Every structure is written in C-alpha cells, then in structure tokens.
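Enquirer: In case you want the letters, here they are:
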Amino acid sequence: MRYQLLGPSGLRVSELALGTMTFGDDWGWGASKDESRRMFDAFAEAGGTFIDTANAYTNGTSERYVGEFVASDRDRFVVATKYTAAMRPGDPNSGGNARKALVHSVEASLARLGTDHIDLLWMHAWDGLTPTAEVVRALDDLVRAGKVLYLGLSDTPAWVVSEAVTLANERGLTPFSAIQIEYNLIERTPERDLLPMAAAHGLSVLDWSPLASGALTGKYLRDGSAGEARGAEPDAGATSGTGEGARLDQMKNQVYDRYATDRATAIARETVAVAAEIGRSPAQVALAWIRQQPGRHVPILGARSLAHLTDNLGALDVRLSAEHLQRLDAVSRMDLGFPHDFIGGPDMKQFIFGGAYDLLDRPV
Amino acid sequence: MDLTSFRTLGRSGLVVSPLTLGTMTFGTARWGSDGDASAAVFDAYVEAGGNAVDTADVYAGGRSEEIVGRLVADRGLRDRLVLATKYTFNAEPGNPNAGGNGRKNLHRAIEGSLRRLKTDYVDLFWLHAYDTLTPAEEVVESLAGLVRSGKARYVGLSDVPAWYATRVATLAQAQGVPGPIALQVPYSLVERSVEREHVPAAHVLGLGITPWSPLAAGFLTGKYERGDVGARGGGRLSGPNPFGDSLFTDRNWAILDALRAVAAEAGRPLAQVALAWASARPGVTSVIVGARTTEQLAGHQASLEIQLDPEHARALNAASALEPAFTGHFPPEVVRGIFGGTSVRGWP
Chain L
2 MRYQLLGPSG LRVSELALGT MTFGDDWGWG ASKDESRRMF DAFAEAGGTF
52 IDTANAYTNG TSERYVGEFV ASDRDRFVVA TKYTAAMRPG DPNSGGNARK
102 ALVHSVEASL ARLGTDHIDL LWMHAWDGLT PTAEVVRALD DLVRAGKVLY
152 LGLSDTPAWV VSEAVTLANE RGLTPFSAIQ IEYNLIERTP ERDLLPMAAA
202 HGLSVLDWSP LASGALTGKY LRDGSAGEAR GAEPDAGATS GTGEGARLDQ
252 MKNQVYDRYA TDRATAIARE TVAVAAEIGR SPAQVALAWI RQQPGRHVPI
302 LGARSLAHLT DNLGALDVRL SAEHLQRLDA VSRMDLGFPH DFIGGPDMKQ
352 FIFGGAYDLL DRPV
Chain A
27 MDLTSFRTLG RSGLVVSPLT LGTMTFGTAR WGSDGDASAA VFDAYVEAGG
77 NAVDTADVYA GGRSEEIVGR LVADRGLRDR LVLATKYTFN AEPGNPNAGG
127 NGRKNLHRAI EGSLRRLKTD YVDLFWLHAY DTLTPAEEVV ESLAGLVRSG
177 KARYVGLSDV PAWYATRVAT LAQAQGVPGP IALQVPYSLV ERSVEREHVP
227 AAHVLGLGIT PWSPLAAGFL TGKYERGDVG ARGGGRLSGP NPFGDSLFTD
277 RNWAILDALR AVAAEAGRPL AQVALAWASA RPGVTSVIVG ARTTEQLAGH
327 QASLEIQLDP EHARALNAAS ALEPAFTGHF PPEVVRGIFG GTSVRGWP
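Chains as they are written, first to last, in this note's numbering: chain L, 2 to 365; chain A, 27 to 374.
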C-alpha cells in the first residue's frame with residue numbers, strides 16, 4: 002500500500018479507501034459486526050488507513066463500528082464521514098446542506114464515532130437549495146472549531162464544486178481537498194465534467210461503486226439477475242435514513258435495469274475476458290482500470306465479506322497493459338457531448354492555436 | 027411575442043430582443059450570403075424592432091464584421107443596437123499568441139474587431155471558446171479591464187464547460203469586478219447536453235443563455251431526409267462542415283419525426299416549432315438565428331407567436347430527452363429523501 006496527498010492538502014491517505022456502507026445489517030444486506038471487524042483488520046493490515054463512512058449508513062451502525070475499530074489506534078486512521086442525509090423522517094432541517102443540519106449531524110457523528118474530531122468531512126450530496134456560500138462558510142467554521150480537519154464534496158455537480166472551491170479560495174476559507182463520485186467502467190459520464198473540473202482544481206477523486214454494484218465482477222453474466230444487488234444510484238446513505246425494505250427493493254430493480262443493458266453486459270464480458278488473460282479477478286481489473294485513468298483516483302472498496310475485500314486488495318499490484326486498457330476503453334467509451342466533443346478535439350485546438358498547440362509545452 | 031418583447035440579458039441592465047440576429051452567414055461564400063442579401067436580412071430584422079446582432083472576428087475571416095460594421099454605420103444605428111462580437115480563434119497560423127484566451131490575443135482581437143466594425147465599443151464581448159489553457163483569473167481580469175476601458179460594455183462566455191463558466195463568474199463576483207452576464211451554447215431539440223450543467227449553473231450565476239444553432243445547422247427545418255446523407259438538400263450539412271455526419275443519427279431522425287408530427291398538428295413549419303421550443307426553455311434569454319433570406323427571417327420571427335401546446339411540448343421533450351448520466355444532480359425524489367421525505371420549495 003502506498004500513500005498520497007489528498008488533493009491540494011497535506012493529508013496523507015492510503016491509495017485505496019475502505020467503504021463502510023456495508024458495515025452492519027440494519028439495511029438487510031450488510032455484514033455482521035464480526036465480519037465487518039475482519040474486513041477492517043484486513044484493510045489495516047494491508048496498510049490501509051483511509052476509512053469512509055457516513056452519518057446515515059446502516060442507520061448509524063456503520064459509524065459506531067468504525068469508531069470502535071479505530072479506537073485503539075485513532076491517530077493512525079483517516080476517518081471520513083458525511084452529512085446531508087436526513088436522520089429524522091419528516092423533519093426537513095434534519096437533512097440537507099444547511100448550517101443547522103451540518104452542525105447537529107457532525108455532533109451526532111462525533112458521538113457515534115467516539116472521537117473528538119473527524120479527519121475528513123464530506124457534504125454527502127448537493128441538495129439543490131442551500132446557497133454554496135453558506136456551505137463553504139459553515140464547513141470552515143467547523144474546521145476552526147477543531148471538529149473537522151479537511152473537507153470534501155460528494156455527489157455534487159461539477160459547476161457547484163467549482164463555485165465552492167473558488168469561493169473558499171477567494172475568501173481564505175478552508176479549501177476543499179476531494180470529490181467523491183460514482184465512476185467505473187460502466188459509468189464513465191463523469192469524464193465529461195467532474196473529472197476535468199477536479200483535475201483543473203487539483204482535487205483528488207474518490208470513486209464509489211468502482212465495481213458497478215458488482216456488475217463488473219461478472220456475477221450478472223452468470224445468474225442473469227441482479228441477485229442480491231444493493232442500491233447504487235445514488236449511494237443509499239445519501240437519502241435513506243431509515244432504510245425501508247420497499248425502498249431497497251426498488252433500488253435493486255434500478256441497479257438491475259442499469260446493468261442489464263447490452264452495453265453494460267459487453268463491458269462486463271470484456272472485463273472478465275481481460276481478467277482471465279492475466280490470471281486476475283475481474284474486480285481487480287476493474288479497480289486497476291480506474292487507478293490507471295487520468296486524475297488522482299482513490300477507489301472506495303465496499304465489500305460484504307472478507308473474501309471479497311481480500312480479492313479487491315489484490316488490485317494493488319495489478320497494472321494493465323496498453324493493449325488491455327485499449328480494449329476496455331473501446332468497449333466502454335461514450336459520447337462526451339457538448340462542449341467536450343466540440344472544444345476538446347484536435348481541429349479545434351489547431352483553430353485556436355494556429356497550428357502551434359502541439360509545439361506548446363503545457364504545465365503538468 | 028415579437029422582436030420588441032425585450033428582456034434583460036442575464037442579471038444585467040442590458041436589454042435585448044428575444045431573437046438575436048446571427049451573422050455567421052454574412053459574407054460566407056459557399057452557404058452564406060453576399061453583401062446585398064446580408065443587408066436585406068439586416069434591414070428586415072432592424073425594421074421589425076430587433077436590436078441584438080451577433081458576429082465574431084473569425085466569421086468569414088473578418089468579412090462578417092466588416093459587413094455588419096458598414097450596415098450599422100450607414101444606417102446610423104450604433105447606439106440603438108446591441109452589437110456583440112467574439113475572440114479566441116487564431117488569426118495568424120504558427121503564432122500561438124494570435125489565438126486563445128490570453129490577454130495578448132484579447133487585445134489584438136478587440137482592436138481588429140473595433141476597426142472592422144467601425145466603432146469604438148462593442149456592447150457584448152464574448153470569449154468564443156474554452157482554450158483549455160488560460161487560467162480563469164487572467165480571463166476575469168482582462169475581460170473586466172475591457173469593460174473599465176470602455177471598449178466593451180458587457181462580457182459573456184461562449185462554448186466553455188459549465189464549471190469553467192462558474193469559476194469565472196464566481197471569481198468576478200468575489201473580486202467585485204464586472205463578470206459575464208451571458209452564456210452562448212448550442213441548444214436545440216437534438217443538442218440538449220447543456221441541460222446537464224450549463225442551464226442550472228447559468229440560473230444560479232445570473233447568466234442569460236443565448237442558444238446558437240437552435241435549428242441544428244438546418245437539420246430541424248426538415249430539409250434533410252433519412253438516407254440522403256450527403257449530396258441532396260444543398261444545405262451546410264451537405265458539404266464540409268463542423269458537424270460532419272454527426273447529426274444524422276437514429277436518435278436525431280426520431281426527434282425529427284416527433285417534430286414533424288407536432289408541426290403538422292400545429293399547422294406550422296418545423297423550423298418555427300423548433301425555435302418556439304428553444305425560446306421557451308427555462309434560462310433562455312435570446313435565441314440566435316441566422317438567415318440567408320428575408321423569408322427565412324420572417325419565419326423565425328413568426329416562431330415568436332407560437333405558444334406550444336403543453337401536450338406538444340411534452341411530446342418534443344420526451345423524444346429528445348437526454349440519456350441518464352452521473353452528474354451529481356439528483357432527481358426530485360432523491361432530494362425529497364435528503365429533506366426527510368418532505369417537500370421543500372427553494373428560493374427561485
């Protein structure tokens with residue numbers, strides 16, 4: 002395991018993060034406490050330090066387990082949690098991005114985690130209503146109070162991240178270090194806006210659902226059903242404080258609909274084929290693909306069993322050849338759409354730079 | 027509505043017509059118009075009350091600006107018109123500083139534009155396209171400098187990623203200098219990508235949207251048919267063009283079918299319905315229309331009379347809906363979940 006700086010900050014994080022939406026069985030498909038502990042230990046033994054949870058994951062159980070697991074060596078771990086999901090149904094101020102929800106959510110997370118500070122706090126998902134200036138300032142206040150050390154934005158449109166980053170910098174407030182988004186071989190649409198935006202601002206990218214809810218392991222190719230698929234769009238914790246069964250069933254169907262397309266099936270098949278050729282698991286291939294894409298990616302491993310997690314950790318020493326990368330790209334490529342197909346192409350660069358673009362050394 | 031149904035462009039005091047006259051066709055040999063035809067279109071637009079004219083230094087190699095400049099000067103219309111031009115494209119092969127969005131090219135470009143336009147100021151100066159390199163800080167500072175120097179009254183951003191527009195607008199706001207008031211992007215029934223990021227960003231940032239190519243280079247007039255890709259039709263898409271054959275897709279033919287059906291029921295030409303659709307989209311301030319003839323222009327104007335039947339709007343929206351994508355914009359039911367299952371009305 003190697004370590005890297007998180008975005009433009011000084012925080013060192015492991016090159017893989019452990020996702021803990023699976024910690025606890027409150028939502029009907031997670032891991033028991035013992036299995037969660039085994040996964041945590043395996044991740045830590047492999048050198049992993051970056052632990053990602055959220056206020057609402059498994060109704061707070063995930064945070065409680067994480068707090069307990071890191072307690073004996075708290076300072077070694079980078080504990081990240083999130084705010085935004087409502088924790089009291091029917092109370093609109095118990096969720097969202099506003100200062101009121103933020104403060105009580107962080108207090109509750111600190112209590113469940115049994116710690117006096119959160120290393121990295123994520124705004125879990127953009128609520129579409131709260132002014133960005135309020136969010137930026139309120140987050141900074143928590144940092145000044147010592148309750149939070151670093152900041153990130155999860156599931157937020159590129160233009161909103163751009164606004165938040167610019168405001169924080171202009172006002173001398175705590176800068177943002179990273180974004181967290183869904184990104185995998187099947188869901189490559191972040192290549193349009195989110196990834197170029199992150200690169201331009203020097204942000205790290207935490208990739209959730211790197212295996213496309215398991216579709217990239219090839220499991221749907223085998224049994225032809227979504228099986229025990231779990232919610233993927235968006236990450237269930239962003240919206241479900243109570244995790245009702247009906248909601249999860251609906252999500253399972255959505256996951257199945259998304260990954261049962263011809264395109265998704267072709268991508269899963271190619272991933273399985275490449276894996277067979279190099280003697281690795283499809284999951285390892287899918288993770289390696291993300292890590293070899295442009296940008297500062299940290300995939301989030303979300304497993305329900307020690308066996309799966311151990312397999313995923315095996316991705317650390319997988320490096321795909323140019324030929325394999327090319328094949329995976331060919332099967333999963335998508336139209337970028339405006340303005341990226343319009344302004345990113347070679348003709349346009351010639352048009353703007355008068356034939357001198359390729360003679361120009363550019364900052365890396 | 028007609029051309030005098032004026033509105034402010036974005037969060038600014040600049041007042042424009044609901045249709046802007048685009049002049050990319052002025053002085054363009056193969057598919058555009060010569061000086062006389064351009065003058066006829068220009069006069070018809072102005073006589074009908076239109077006040078917004080859009081050109082660029084790169085159109086017809088500067089010829090468009092020259093034609094517009096002469097027309098405006100001859101008719102003594104300078105102060106009545108909202109005159110817009112653009113910079114970014116290269117004017118001197120091999121010289122990277124004669125193109126792009128850096129300050130050196132900006133000053134070179136606007137001096138040339140003012141000379142060709144025979145004026146000492148433009149009302150709206152557009153950054154024409156994202157050049158991928160120039161820092162947003164430099165763009166903000168140099169565009170604001172133009173406003174302070176009096177060479178431009180307002181500035182706008184064309185063909186940039188939404189996050190870059192947001193960065194520019196937010197920097198200007200934070201620094202208390204004049205920032206962009208408008209966003210010019212392709213927007214039509216077959217090109218709705220801007221709804222993912224640009225439209226919501228423009229709303230929050232106070233940018234008026236001025237769609238270009240609202241008829242998709244003529245595709246939405248119905249003059250192209252499935253199967254006659256290439257030779258027939260005599261339009262821009264029949265020869266070398268920036269769209270290649272990229273408009274002739276199954277998806278776009280299906281959108282055209284839906285448009286045909288709605289147009290037939292409404293008893294209007296396809297182009298008018300397509301323009302009415304674009305004009306009615308949330309965030310759109312002024313649709314940029316080009317015309318080679320006064321008849322075409324009259325058709326565009328007539329689109330302003332159309333109020334799309336909700337049923338027709340639904341049919342067009344359904345046929346042209348965007349593919350799902352991960353953007354971080356969640357659907358209303360997800361946002362409801364964030365607020366504990368309640369419904370919350372936002373500040374407009």
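Since the hints were made in silico from the structure, they are not lab data.
Every value quoted in this text rests on a predicted model; they were computed, and no experiment measured them.
One or more of the hints may lead you astray.
[Unchecked claim] One side of the interface only, derived from the structure: several residues of chain A facing chain L at Cβ under 8 Å: (1) THR30; (2) SER31; (3) THR192.
[What the hints assert, rightly or not] Calculated from the model, a selection of chain L residues having no Cβ within reach of chain A, i.e. all distances over 10 Å: (4) TRP30; (5) ARG138; (6) SER163.
Virtual Cβ for every residue (Gly too), placed ideally from N, Cα, C.
Enquirer: Determine for every hint whether it applies to the structure shown.
Expert: Evaluated hints:
{"no.": "1", "hint": "THR30", "verdict": "violated (31 Å)"}
{"no.": "2", "hint": "SER31", "verdict": "violated (28 Å)"}
{"no.": "3", "hint": "THR192", "verdict": "holds (4 Å)"}
{"no.": "4", "hint": "TRP30", "verdict": "holds (18 Å)"}
{"no.": "5", "hint": "ARG138", "verdict": "holds (13 Å)"}
{"no.": "6", "hint": "SER163", "verdict": "violated (4 Å)"}
In this structure, the earlier hints numbered 1, 2, 6 are contradicted, and the remaining ones agree with it.
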